[in-house]
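Same order as they appear, the protein sequences are chains E and H. Going by UniProt numbering, the first residue of the first sequence is number 1, and it counts up by one from there. Going by UniProt numbering, the first residue of the second sequence is number 1, and it counts up by one from there.
Hints were generated in silico from the structure; no laboratory data involved. Just so you know, even glycine gets a beta-carbon here, dropped at the ideal spot from N, CA and C. Honestly, I wouldn't trust all of these hints.
Stated by the list, open to error - Ranges between beta-carbon positions, derived for each pair:
| no. | chain 1 | residue 1 | chain 2 | residue 2 | range |
| --- | --- | --- | --- | --- | --- |
| 1 | H | Leu-83 | E | Arg-143 | 35 to 41 angstroms |
| 2 | H | Ala-153 | E | Thr-132 | 34 to 40 angstroms |
| 3 | E | Glu-102 | H | Arg-164 | 46 to 52 angstroms |
| 4 | H | Gly-51 | E | Asp-137 | 56 to 62 angstroms |
| 5 | H | Ala-163 | E | Ser-179 | 44 to 50 angstroms |
| 6 | H | Leu-83 | E | Asp-63 | 57 to 63 angstroms |
| 7 | H | Leu-168 | E | Asp-63 | 41 to 47 angstroms |
| 8 | E | Thr-132 | H | Ala-163 | 43 to 49 angstroms |
| 9 | H | Pro-60 | E | Arg-215 | 56 to 62 angstroms |
Stated by the list, open to error - Short, incomplete list of chain H residues facing chain E, as computed with Cβ under 7 angstroms:
| no. | residue |
| --- | --- |
| 10 | Ile-3 |
| 11 | Leu-123 |
| 12 | Thr-130 |
| 13 | Arg-132 |
| 14 | Asp-135 |
| 15 | Leu-148 |
| 16 | Leu-155 |
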Amino acid sequence: MTEPTEKQPLLAGIELHKTYGSTPALDGATLRIWAGEIVAVMGASGSGKSTLLHCLAGIVRPDAGEVRYRDRELSAMSDAERSALRRGEFGFVFQFGQLVPELTCLENVALPLRLDRVRRREAERRAAEWLTRLEVDDVAGQRPGEISGGQGQRVAVARALVTAPRVVFADEPTGALDSLNGEQVMRLLTEAARQAGAAVVLVTHEPRVAAYADREIVVRDGRTRETVLAPR
Amino acid sequence: MSIGQTFLGLLEATPRHGYELKRLYDERFGQGRPLHYGQVYSTLARLLKSGLVEVDGVEPGAGPERKRYAITTAGVTDVQRWLAQPEKPDIYLQNTLYAKVVLGLLTGRNAADILDIQRAEHLRLMRELTRRKADGDLADQLICDFALFHLEADLRWLELTTARLDHLAATLHDEAAPTPPTSPAPPTSPAPTDGRPPQHVPTQFSSQETT
Numbered sequence: 001m002t003e004p005t006e007k008q009p010l011l012a013g014i015e016l017h018k019t020y021g022s023t024p025a026l027d028g029a030t031l032r033i034w035a036g037e038i039v040a041v042m043g044a045s046g047s048g049k050s051t052l053l054h055c056l057a058g059i060v061r062p063d064a065g066e067v068r069y070r071d072r073e074l075s076a077m078s079d080a081e082r083s084a085l086r087r088g089e090f091g092f093v094f095q096f097g098q099l100v101p102e103l104t105c106l107e108n109v110a111l112p113l114r115l116d117r118v119r120r121r122e123a124e125r126r127a128a129e130w131l132t133r134l135e136v137d138d139v140a141g142q143r144p145g146e147i148s149g150g151q152g153q154r155v156a157v158a159r160a161l162v163t164a165p166r167v168v169f170a171d172e173p174t175g176a177l178d179s180l181n182g183e184q185v186m187r188l189l190t191e192a193a194r195q196a197g198a199a200v201v202l203v204t205h206e207p208r209v210a211a212y213a214d215r216e217i218v219v220r221d222g223r224t225r226e227t228v229l230a231p232r
Numbered sequence: 001m002s003i004g005q006t007f008l009g010l011l012e013a014t015p016r017h018g019y020e021l022k023r024l025y026d027e028r029f030g031q032g033r034p035l036h037y038g039q040v041y042s043t044l045a046r047l048l049k050s051g052l053v054e055v056d057g058v059e060p061g062a063g064p065e066r067k068r069y070a071i072t073t074a075g076v077t078d079v080q081r082w083l084a085q086p087e088k089p090d091i092y093l094q095n096t097l098y099a100k101v102v103l104g105l106l107t108g109r110n111a112a113d114i115l116d117i118q119r120a121e122h123l124r125l126m127r128e129l130t131r132r133k134a135d136g137d138l139a140d141q142l143i144c145d146f147a148l149f150h151l152e153a154d155l156r157w158l159e160l161t162t163a164r165l166d167h168l169a170a171t172l173h174d175e176a177a178p179t180p181p182t183s184p185a186p187p188t189s190p191a192p193t194d195g196r197p198p199q200h201v202p203t204q205f206s207s208q209e210t211t
């Protein structure tokens, strides 16, 4: 794949349409993400913002429109290719960490590396580094059920970044946290992503969370609305 | 913010000179807008005249004599009263925006754009405050948080108003429709049948504007 340029977005969803049963979720949504930027996708419940994220991440196939990552069209890829892309290039943080309850936090963070056949010792060394960066190295040996929600989300962020992804998809990452914990997660997520040069697609309905992004896109009735700038 | 009462609060711990009060005020509450010396000394003169502070000592220096001010018992009572009093909720912004939205609808403009422009401006300021928080100490963080939560409340209002634009437009249209001279005037909106009072769109939130 070629490197994205200043004129070419890293990731783009163009005129995306998606309907669940008779309910339209996306109705011509368009969004372009450039390398290293943090973009908040905002909108009310049911506006289609999570469906947009799932389409961009190759989790859901749109009914019409195209999703391009660098110079490749996701719908032209096989399922195996899309899975490999998600594992290698994308990281994910969801509202409820979705950590594997049977594994320790260290093993959870090391898991994406192990799936990519990185040797255990090396995977756990890198996982430990990320737990330290996310300020949760003290829970490395604990299981997700034994730690707080805020700690769990920071472990989930470490897991999302451990593979050095080009894009991190975060779907309401602070939705289940109180203000203080939510703030810590956002600060650490955005700092770590900026240092790693990863783009972040941040789905949220909370303006204070969106304020950590470089810009925002509003989804309304399945359509995206670019920021309208005030005349200067 | 009341400079006088803030000075009284700063004097409660210990007597201070005017320049020291200015420095403390600027550091803790100035937010990049330092006080002028004229404001400092006119405020102290007013507090002195009201009996809320007194001159605790005068020190000769190279320039003019330096007065040290101390809070009086009446000053402490005044601070206590001020601290116990809630601030007036500021509805100025919503009032103005509401007027803009109504005027936009009445003149056939895109009222959603008016709200979106405001939303973008709010978020721009929120991003700025969030960056300032990241670089600041705990005091900066608390002050920025206060502004952020207020801006967030405004944004919720903007979002809700956007969702209600069609309803608002229809109501305004009904109100603006000419009434046939021979028939009795219809209500501005259909009266609910469940006993609730009929809805109407207020012409403004309040006749009193804060500045």
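Evaluation of the provided hints:
A hinted range of 35 to 41 angstroms for the beta carbons of Leu-83 of chain H and Arg-143 of chain E is inconsistent with their spacing of about 47 angstroms. In this structure the hint that Ala-153 of chain H and Thr-132 of chain E lie 34 to 40 angstroms apart at CB holds, the actual value being about 37 angstroms. Taking the beta carbon of each, Glu-102 of chain E and Arg-164 of chain H are about 48 angstroms apart, inside 46 to 52 angstroms as hinted. As the Cβ distance of Gly-51 of chain H to Asp-137 of chain E is approximately 59 angstroms, the hint placing it in 56 to 62 angstroms holds.
At roughly 25 angstroms, the beta-carbon separation of Ala-163 of chain H and Ser-179 of chain E lies outside the given 44 to 50 angstroms, and the hint is violated. About 60 angstroms separates the C-beta atoms of Leu-83 of chain H and Asp-63 of chain E, a value consistent with the hinted range of 57 to 63 angstroms. As the Cβ distance of Leu-168 of chain H to Asp-63 of chain E is approximately 33 angstroms, the hint placing it in 41 to 47 angstroms is violated. A hinted range of 43 to 49 angstroms for the beta carbons of Thr-132 of chain E and Ala-163 of chain H is consistent with their spacing of about 44 angstroms.
With their beta carbons about 59 angstroms apart, Pro-60 of chain H and Arg-215 of chain E fall inside the hinted range of 56 to 62 angstroms. Nearest Cβ of chain E to the Cβ of Ile-3 of chain H: about 30 angstroms, over the 7 angstroms cut. The hint is violated. Hint status for Leu-123 of chain H relative to chain E: holds, with the closest Cβ pair at about 6 angstroms, below 7 angstroms. With a cut of 7 angstroms, the hint placing Thr-130 of chain H at the interface with chain E holds, because the nearest CB-to-CB distance is about 4 angstroms.
Interface restraint check for Arg-132 of chain H: the shortest CB-CB distance to chain E comes to about 11 angstroms, outside 7 angstroms, so the restraint is violated. Contact between Asp-135 of chain H and chain E, as hinted, is not supported at the beta carbon level, the nearest pair being about 12 angstroms apart and thus beyond 7 angstroms. With its C-beta approaching chain E no nearer than about 5 angstroms, Leu-148 of chain H sits inside the 7 angstroms limit, and its interface hint holds. Annotation: Leu-155 of chain H was flagged as interfacial toward chain E, and the flag holds, the nearest CB pair being 5 angstroms apart, inside 7 angstroms.
Consistency note: the structure conflicts with the earlier hints numbered 1, 5, 7, 10, 13 and 14.
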